[in-house]
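Engineer: Let chain E serve as the given structure and place chain Z on it in line with the hints.
These are the residues of each chain, in order.
Protein chains: 2
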Amino acid sequence: MANSLLDATFAACAHPIRRGILERLATAEMTVGEASRDFGVSKPAISRHLRILEEAGTIVRVVDGRNHRLRINHESLDEAGAWFTDQRAVWERKFDAVEEFLAASKENDARGKDGRDG
Amino acid sequence: MANSLLDATFAACAHPIRRGILERLATAEMTVGEASRDFGVSKPAISRHLRILEEAGTIVRVVDGRNHRLRINHESLDEAGAWFTDQRAVWERKFDAVEEFLAASKENDARGKDGRDG
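Line by line, the protein sequences give chains E and Z.
Under the numbering used here, the letters of the first sequence match residues 1 to 118, in that order.
Under the numbering used here, the letters of the second sequence match residues 1 to 118, in that order.
Rather than coming from a laboratory, the hints here were simulated on the basis of the structure.
Where hints are given, some of them may not hold.
Stated by the list, open to error - Chain E stretches covered by chain Z per the calculated footprint, using a threshold of three residues with CB under 8 Å from any CB of chain Z:
id, region
1, 16-26
2, 66-77
3, 83-89
Said to hold, decoys possible - Facing chain Z, from chain E, some residues (calculated, C-beta under 7 Å):
id, residue
4, Phe10
5, Cys13
6, Asn108
7, Asp109
8, Gly112
Unchecked claim - With a straight-line Cα cutoff of 20 Å, these simulated SDA-like cross-link-like pairs (lysine to any residue) come out:
id, chain 1, residue 1, chain 2, residue 2
9, E, Lys94, Z, Arg19
10, E, Lys94, Z, Ala110
11, E, Lys94, Z, Thr27
12, Z, Lys94, E, Lys43
13, E, Lys94, Z, Arg71
14, E, Lys94, Z, Val60
15, E, Lys43, E, Val32
Glycine included, every Cβ here is placed at the ideal spot set by N, Cα and C.
This is chain E alone, in the form it adopts within the complex (with noise of 0.2 Å):
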């Protein structure tokens, strides 16, 4: 994903009525009106919100005469949460270096030991 598209995507979910509209498309595609009432904020504030998700690719609007439906764009989500993923596949990695350091450290003590001893 482009590096400006996950700028995008990110400070599009970075507000809670975004995140709200986010959720309630992800269980079906909507009018606008259903997907963005009762959060308590004015039409205009409304419209902006959704021109920010618009505009980050995290929603599509389909229009239909006069209707206009939203959809979420899965695709776009999954790419933003795939970074996240990836770094925690990174410091997992670390992590597992850092046991597998201790358990062979453990295992050349031990041996050290034995040696001794025998």
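Structural biologist: Then chain Z, alone, in the frame of chain E:
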């Protein structure tokens, strides 16, 4: 994870230099210099990025006399990554439900035909 902390974590990750610093720190604890060199920006800019990362709880500064070392906070990134995993689980359940419905419809159709044929 509290909404405001999740906001801060996603905002912290919404910049390539800050992600770059986190990617380095995922591999090891480092000095500020090691974690922040070669990004081609000024020291004050780096300080601002580090402050955003610290305030979001994504990194911890370990002060040892005049030595400042930076350490990644795995838990914070894991919890932010879990938000994406949760959304994925929701839409995967949705697709499973659709598939089950389609499979059940097919089976019913087949039974209906058997009934007429028999």
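Engineer: Hint by hint, where does the structure go against what was stated? Just the numbers, ascending.
Structural biologist: Structure breaks hints 6, 7, 8, 10, 12.
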